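Asker: The chain contents come next:
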Amino acid sequence: MNRGAVNSFVNYGLVLAFYLIVQILRANGDLSRAFQAQLVPICVYIIMAISLNLVVGISGELSLGHAAFMSVGAFTGVVVSTMLVDSVASTPLRLAISILVGGIAAGIAGIFIGIPVLRLHGDYLAIVTLAFGEIIKNILNTVYVGLDSTGLHYGMTSINELGMDSAGKTIINGPMGAMGIDKASTFTAAIIMVLITLFAIQNMIRSRSGRAIMAIRDNRIAAEASGLNVMKYKMMAFVTAAAFAGMAGVLYALNYSTVVPKKFDFNTSILVLVFVVLGGLGNLRGSMIATAVLIILPEMLREYQLYRMLIYSIILIVVMLITNNERAHAIKDRLVAIVEDYFKKILAPIFRRKGGAK
Amino acid sequence: MSFLNYLISGVSLGSIYAIIALGYTMVYGIAKMLNFAHGDVIMIGTYFAYFATTSHSLPPAIAVIAAMLCCTILGVVIEFLAYRPLRGATSLAVLITAIGVSFFLQNFALIRWGSSPKNFPSLVPFDKVSLFGGDLIISGEAITTMLACIFVMIGLSFFIKKNKLGKAMRAVSEDREAAQLMGINVNYTIAMTFAIGSALAGIAGVLLCSMYPTLSPTTGAMPGIKAFTAAVFGGIGSIPGAMLGGILLGMIEIFSRAYISTQLSDAIVFAVLIVVLLVRPTGLLGKKIREKV
Amino acid sequence: MKTTKIIALLMAIMMCVALVACGGNEAPPEEDNTEAATLDLGFIGPLTGPAALYGQTTLAGAKIAVEEINAMGGIQINLNPMDDEHDTEKAVNAYQQLQDWNADAIIGCVTSAPCNAVATEAFADRMFMLTPSASSTAVTEGRDNVYQLCFSDPNQGSASAQYIAEHALATKVAVIYNNADPYSTGIYQTFVDAAAEQGLEIVSTTTFTDDTNDFTVQIKEAQDNGAELVFLPIYYTPASMILKQANDMEYAPIFFGCDGLDGLLGIEGFDTALAEGVMLLTPFSADDPDAADFVAKYEEANGETPSQFAANGYDCVYAMYQAFTGAEIDYATLTSAEQCEALIAQFSSADFAVDGITGKSMTWEATGEVSKAPKAVVIQDGVYVGM
Amino acid sequence: MGNQIENKEERIPILETVDLGIDFGGLTAVDNFNISIKNVEIAGLIGPNGAGKTTVFNLLTKVYQPTRGKILLGGKDTASMNTVQMNRAGVARTFQNIRLFDTLTVEENVKIGLHNEIHYNWFDGVFRTARYWKHEKYAHERAMELLSIFDMQGMANQKAGSLPYGAQRRLEIVRALGTNPSVLLLDEPAAGMNPSETAELMENIRKIRDTFQIAIVLIEHDMSLVMNICEEIAVLNYGKIIAKGTPEEIQANPKVIEAYLGKQKEEA
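Protein chains in written order, with numbering that gives the first Met the number 0: chain A, 0 to 357; chain B, 0 to 292; chain C, 0 to 386; chain D, 0 to 267.
Same shape as in the complex, but just chain A (with noise of 0.2 Å):
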């Protein structure tokens, strides 16, 4: 097995370690509500990061409007799953065709968007991605839908123009966004997500297409004058990062009763970018560990109330000085030098032992 076989393995341990961790301590009862609050959002999160990595690190393309397909696939997969709620009983069936249907619908506007996108680069390319986002909001602000005995109605102006009968449930109410939302995400689901996503997006790196996604980002005209079709390789990148953006937008949905077209803003997209940046580009791991991390911690900042935010802003700014400054660099590659000399005096003769014994 190469190292990258390992990587992904590693990575899918890690995934189902913390899944046992959390249930064991849940069994235990020694899980507060807030932290269980936040397991499906850190899934959620997580599902973001890496699909966006794939477009960012591994595909070299920086995207501000990642947060536009998790919000396509959560409303695609709100209506979904209300429309289902009679005709399905069991509740992760619905949760899994909501996702895939949601899922289905982000890659769609990928698709749409990553044509007029992906001829653009550099800055360039960032801004246009971030005026879709806006534009994706503004649009869902508009938008209204219904469903009635005669079926699913949708408009531009108001629910009441929708013409529904009396029994007609309002499903996506413009800015309010979906609001009565059966409940379908699970822990679990959550995880089974992460863990498919991984699948997904780490054998796709680690084969042809990843290959070729990684040499363009590496060096573009090289790639072409090899015969790698650019164009067709950038938008597999972006619309399979659409795609799982979309699920991630139907689990977050349906973890809700109630899901505003707000929430999916550029302040969405700018989050997901700094748990990728922070967990080191093309680095699938790290974005899951600074995900998980950079969830926490506001929730573990509370007490500090109206200076939590202030206290969050100045760790973030601190973190990404530490790590991509070249003399915080050098400090810290000394303590390191320092630390293992000194482990190795410590461990010295335990190994020659070993050496001795062989």
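What the hints contain is simulated information worked out from the structure, not anything from laboratory work.
All the given hints hold, so there is nothing to weed out.
With a straight-line Cα cutoff of 25 Å, these simulated SDA-like cross-link-like pairs (lysine to any residue) come out:
1. K136/D x G3/A
2. K286/B x G49/D
3. K136/D x A199/A
4. K160/B x E176/B
5. K287/B x D30/D
6. K371/C x D350/C
7. K158/D x G191/D
8. K182/A x T366/C
9. K75/D x D30/D
10. K37/D x T210/D
11. K286/B x Y63/D
12. K286/B x R118/A
13. K158/D x N6/A
14. K231/A x R279/B
15. K31/B x P239/B
16. K31/B x G154/B
17. K127/B x G381/C
18. K286/B x M230/A
None of these values were measured; they are calculated from a predicted model.
Fit chains B, C and D to the known structure of chain A by using the hints.
Answerer: For chains B, C and D alone, kept in the frame of chain A given last:
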């Protein structure tokens, strides 16, 4: 006559975007980084102007200078503490740090000055002008904003072309290493760029809040993003581009609101941006970059 | 490679710390039972972020009520405020933190969407909620444990249309509302229907979003269509900008708003002349003599005039206090679920009435909706005058 | 050598240009460029710095679209083709300023060259179907085989960016060969190499031509290398061909001497 009204408010809104966009574009041109905290620097500067006029009842001119001074210092300090250590790091690392700075400034303002919006007193001494028997009314703020925009544009162009520091800036933006070899102090030049960009932010903040008088910790956020869009629209790194992009963006925003849909006006603004970038991938006045093979 | 590993390791350690810190039902220190038990009320609202204003003013109002009640020496209230950043996810987290803290009941959330998300959880957990200002009907719909202190949105929309028609203020009406805001859209939607019933003609409907600061188009359109009255079902911050810009454009219709407009006069530095003649339906006005004591205390503590948000927060605490004392609910020993049932019984009973600064003898329907009389006020010479 | 002369009669043009030219803004970079590369030959393109040699390669691979003229590949016009299609039609190249996929391993770089010979899709890759394993196995074996040309199998798992300079140049050639070309364009393959490395490279270029039976066009400043292995040479100056012919003819051509000496004069 409505058309003229819309045109005036579009141009004056656009002028504010343009002045903010100048800050983005100068910093981008020279430091090659997106300073996402720029909008929040504006907000802090405007708070200073606010307290200068209300609490200390200083004359408007002094308040504007106070705002510029405060922004300049803030800009240089941020550059020194947060961005300079990252010189040579990936642009993404700098971007995330800038976002951190933006969070910090917003939350600092929230704690220091509270969440309640302040009503910013207009610092513009002129009264409105009424034309065509009251059909077209141009507010003093709108006139001042447009004039300020033209003034800033001309001043900056001269500065960049004639002044030694301006030339150094152009050199650094063309090729940082070559400039360094020619004896230009790159760190100093970048710091000065931040200083000038931030001073412009001070002016922009006062104009923004004179025209739209609400001042709160999030005041700078959306104008910041819009101005950033304007800078890209005009071709980021280009000073006339930022100007053109800003004014066009303001006009598109108002006209789409007036003639297409108030609900979707933001969506339309961004859609126009996308279309423009597809036709001209480096913005309206951006330099075409040909990759050397 | 090495550095990323170290960072990963550090983060993993932090993660473990987080797990431990979050883990365990730490008994809140209040539960010592050595001293007299306190009434633990949770509070959820946006204390940071773009909606921080509403959460912070509500909290400031609530704190004054808590101080007053604690000063009386009877029940001691311990108010634990939690920030939800006007975000459903954060609101649910905040709620769960309050659960871990063993809150007796919850005041909140301040805004509708987070409130709706929390209400679902609270309904399942049987935790009583009294929201100061989440005015969407969806908040209380189908949930017997959620009560509102504020008017619901539809209520305000139809009341406004009714008032305008009954007092023949205008026949041609323009509406400017925030289509990215549930509160604003909610009122607008019912206003349209009610206006049609009342024979009002809506000549212009325009919208804006939270980020809008130029209202030229919206105002001009109202002006060009000859609207005599502009209905503003919006919050006072954008309203202050609309008033200034309308003044610049020399357009002076009647401006008519709902409770969100209250606070206009309290904006620091606002030229109150701009608000001359503005009418609003609000349950609270800072010039109400009954509220004078509260207003004075609030101004002293916060240096600004309280808005209806602050008043709602203040009344919420008193309503809770009255419910607990009136029904003699044993908050020291009962679980929050048991308290919830007792509170529901108390709030829905016909003889439970609260005299607050946002309304005299407020009573509640079993649906959770409050019934109190809205006051129509007009701004004259920089003060509210009852109409 | 005898073998090659015998082949000469069978040689047919594989890559031809007709009055090829390109302008950048108002500047004419290449003009009236006419060459004809036969199917199994080694041709050289020489000229002073800035003469437009690399621009010609960029035109032949459609990195730049020509302003004028035609490029015929196997007799067919390539006007509508882009870089990717040119490569798939059989034109592969290396770059003057090395363009490797730095973060990928040596083996992966070669596999990118083999990309269009590996036939499995996204689905096979994610679900690791039998097709995936079969084609990846083939790709691995083929990559090793190609690397063996330069004895680089041992470096297969190193990151391309960490290779020494000479090895990077060789890897670029291997990657280009992976795309199964009929014409291989080498842009200064010997740049930065010492004489013994250059000699070795020279042998390898011949070997490649003989084993793969392809045409090779090279841009080179090392005259000994060019004169030794090229059968046809074109000399470019100011974007125009000033001389064409065998190495002997070129060496005797006064225009060529002038172009080079004139350049020296300017430098002095």
